[in-house]
Amino acid sequence: MSLKRSEVEKIAHLARLAMSKDELDAVTGDLSNILDLVAQMEEADTGGVEPMAHPLHMAQRLRADEVTEEDRREQFQAIAPLTEAGLYLVPRVIE
Amino acid sequence: MRSQSISALAQSLRAGEFSSVELTREYLDRIAALNPQLNSYITVCEESALQEAELADRRIRGGDAGLLAGIPIAHKDIFCSEGVRTSCGSRMLDNFIAPYDAHVVSRFREAGAVMLGKTNMDEFAMGSSNETSYYGAVRNPWHPERVAGGSSGGSAAAVAAGLCVAATGTDTGGSIRQPAAFCGITGLKPTYGRVSRFGMIAFASSLDQGGPMTRSAEDAALMLEVMAGFDERDSTSAEQPVADYRAALEQDLKGLRIGVPKEYMDAALDEEIAASVQLALDEYVRLGAELVEISLPNTHLAVPTYYVVAPAECSSNLSRFDGVRYGYRCREPKDLEDLYKRSRGEGFGQEVKRRIMIGTYALSAGYYDAYYLKAQKLRHRISDDFRAAFEKVDLIMGPTAPSTAFGLGEKADDPVNMYLCDIYTIAANLAGLPGMSIPVRPVDGMPVGLQLIGNYFDEGRLLNAAHRLQQESNWHLATPVTSE
Numbered sequence: 001m002s003l004k005r006s007e008v009e010k011i012a013h014l015a016r017l018a019m020s021k022d023e024l025d026a027v028t029g030d031l032s033n034i035l036d037l038v039a040q041m042e043e044a045d046t047g048g049v050e051p052m053a054h055p056l057h058m059a060q061r062l063r064a065d066e067v068t069e070e071d072r073r074e075q076f077q078a079i080a081p082l083t084e085a086g087l088y089l090v091p092r093v094i095e
Numbered sequence: 001m002r003s004q005s006i007s008a009l010a011q012s013l014r015a016g017e018f019s020s021v022e023l024t025r026e027y028l029d030r031i032a033a034l035n036p037q038l039n040s041y042i043t044v045c046e047e048s049a050l051q052e053a054e055l056a057d058r059r060i061r062g063g064d065a066g067l068l069a070g071i072p073i074a075h076k077d078i079f080c081s082e083g084v085r086t087s088c089g090s091r092m093l094d095n096f097i098a099p100y101d102a103h104v105v106s107r108f109r110e111a112g113a114v115m116l117g118k119t120n121m122d123e124f125a126m127g128s129s130n131e132t133s134y135y136g137a138v139r140n141p142w143h144p145e146r147v148a149g150g151s152s153g154g155s156a157a158a159v160a161a162g163l164c165v166a167a168t169g170t171d172t173g174g175s176i177r178q179p180a181a182f183c184g185i186t187g188l189k190p191t192y193g194r195v196s197r198f199g200m201i202a203f204a205s206s207l208d209q210g211g212p213m214t215r216s217a218e219d220a221a222l223m224l225e226v227m228a229g230f231d232e233r234d235s236t237s238a239e240q241p242v243a244d245y246r247a248a249l250e251q252d253l254k255g256l257r258i259g260v261p262k263e264y265m266d267a268a269l270d271e272e273i274a275a276s277v278q279l280a281l282d283e284y285v286r287l288g289a290e291l292v293e294i295s296l297p298n299t300h301l302a303v304p305t306y307y308v309v310a311p312a313e314c315s316s317n318l319s320r321f322d323g324v325r326y327g328y329r330c331r332e333p334k335d336l337e338d339l340y341k342r343s344r345g346e347g348f349g350q351e352v353k354r355r356i357m358i359g360t361y362a363l364s365a366g367y368y369d370a371y372y373l374k375a376q377k378l379r380h381r382i383s384d385d386f387r388a389a390f391e392k393v394d395l396i397m398g399p400t401a402p403s404t405a406f407g408l409g410e411k412a413d414d415p416v417n418m419y420l421c422d423i424y425t426i427a428a429n430l431a432g433l434p435g436m437s438i439p440v441r442p443v444d445g446m447p448v449g450l451q452l453i454g455n456y457f458d459e460g461r462l463l464n465a466a467h468r469l470q471q472e473s474n475w476h477l478a479t480p481v482t483s484e
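In order, the protein sequences belong to chains V and U.
Each residue of the first sequence is one higher than the one before, starting from 1 at the first, in this note's numbering.
Each residue of the second sequence is one higher than the one before, starting from 1 at the first, in this note's numbering.
Note that these hints are calculated values from the structure, not bench results.
Note that the structure is a prediction, hence the values are computed from the model and not measured.
Using N, Cα and C, we set each Cβ at its ideal position, and we do this for glycine too.
Check each hint, because a few of them may be wrong.
Unchecked claim - Stretch-level coverage of chain V by chain U, calculated; a stretch enters the list once three of its residues show a Cβ under 8 Å from a Cβ in chain U:
#1 14-27
#2 39-52
#3 59-69
#4 84-92
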């Protein structure tokens, strides 16, 4: 299956990945080859087969709805790229 | 280099033959001498390792030492370690000092182990050669121009070259077993849920599992005893009690039924690797086991299925790396979207980007049923193959990898060819089963792995079978010649 360059650009946008022209050229071929590998799935009959989401078919364990985390904001923000007054800073979103 | 088992070293430490500080210093010296060439460590924790060793020595003298007191080990750099850089082999986390310990790391601390450092790995554990690491490839201790395998290549090379006593690894599609095979060591991927994933940086959450990488099955049993067990901080942690792995080691193999999948031993397998695997199987027959030919008819679908499930989960898991809260941030972003896109575009390497994009595509509107849903159904069929097989046999055995360690750069430009390296290991991850690789007769001086796959939570039997073979043979004792 061969992907068009425009499709690859759209995927890169959806994945929020900035890529150079050269990178996009290279990855277009790579992704098409990977999808060819994946296409082998099509021949297999999966009629009546349940999808498997968990290897041991277990349901997610639930816990009581209680606060268990302690406040570690200072520690966690010490490794952040940019903070101010306990907030994470990003470029202005609303003018 | 030292060849003693963990329990022999622990006994010597307790007997006062040498101290943990002396032992740790010995390993640090060896790392300083050999790591520049092997590149198996990303970070060496000299200062804290010596402090931990001193503490262990005091505890040993005081008589309240843990199971691994004073034993120098290494952690794959995917496990968060408080106060120490945890890079996951990526530029994205090159500046990330973990603010807490992974469950596995804290278990080893409680057991008294000394952390020598953090080992090299494929970026975010995505790779089969350790060549996708931001910190460069690991060299195979058996041959400087060959890869160490991946993604836990640093741990495998460090154990093989004697740069630590034992190490941790993680395995999503073969990342413990394949590098163990390539470097001639013992590697165990436990049942999904057996070892907590808390603090283990996520790649594909329904497949990821941590496990030990060691010089013998006996060491692996001890390491797994420390790592395994329920942890409420991992929502998929198994509540199953932990078996006594050390007690299981010595059991007799008389009557053990070993299934040999005809799809693994077919004409496509390299003849010499097939002969090495057969030699080990013959040894099992001599030990009283019985070989049964079995079929895993969906084997050929494991790699295609995996390359939908794993990228889909990775695209979701890696969306957390956005340049806002931690990790790499691009310079002078012009707006929020630019911040996201350039931080991710510059912070991730090629293979990680490829997998994020495949996953994004497979999960995008209109494609979900054709890819993700189809893959989940095939996953069911692949695991049903194993379920049927385990009604007839106790263990499954075959090759770990289709070749010995290949040359550096040989497959780096061909992702699909690289993916096929994991053709024999991926199915166990899809099914959630425990798998192991142990060294058997080398081919042209390069290590070969025998893969053992067990039933759910049957790690004890895997370790037992591996240990008995290691008592009857000396393949696992071979060590590479490394010059200091």
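Can you take a look at whether the stretch 59-69 of chain V is actually covered by chain U? Rule is 3+ residues, C-beta closer than 8 Å.
holds (count 3)
Taking beta carbons only, do three or more residues of the stretch 14-27 of chain V come closer than 8 Å to chain U?
holds (count 9)
State whether the coverage of the stretch 39-52 of chain V by chain U holds or is violated, taking the criterion as 3 or more residues with Cβ-Cβ distances under 8 Å.
Since three or more residues must qualify, the claim that chain U covers the stretch 39-52 of chain V holds, with 10 doing so at under 8 Å.
If you count the residues of the stretch 84-92 of chain V with a beta-carbon closer than 8 Å to a beta-carbon of chain U, do you get 3 or more?
holds (count 4)
Comparing the model with each numbered hint stated earlier shows that all of them hold.
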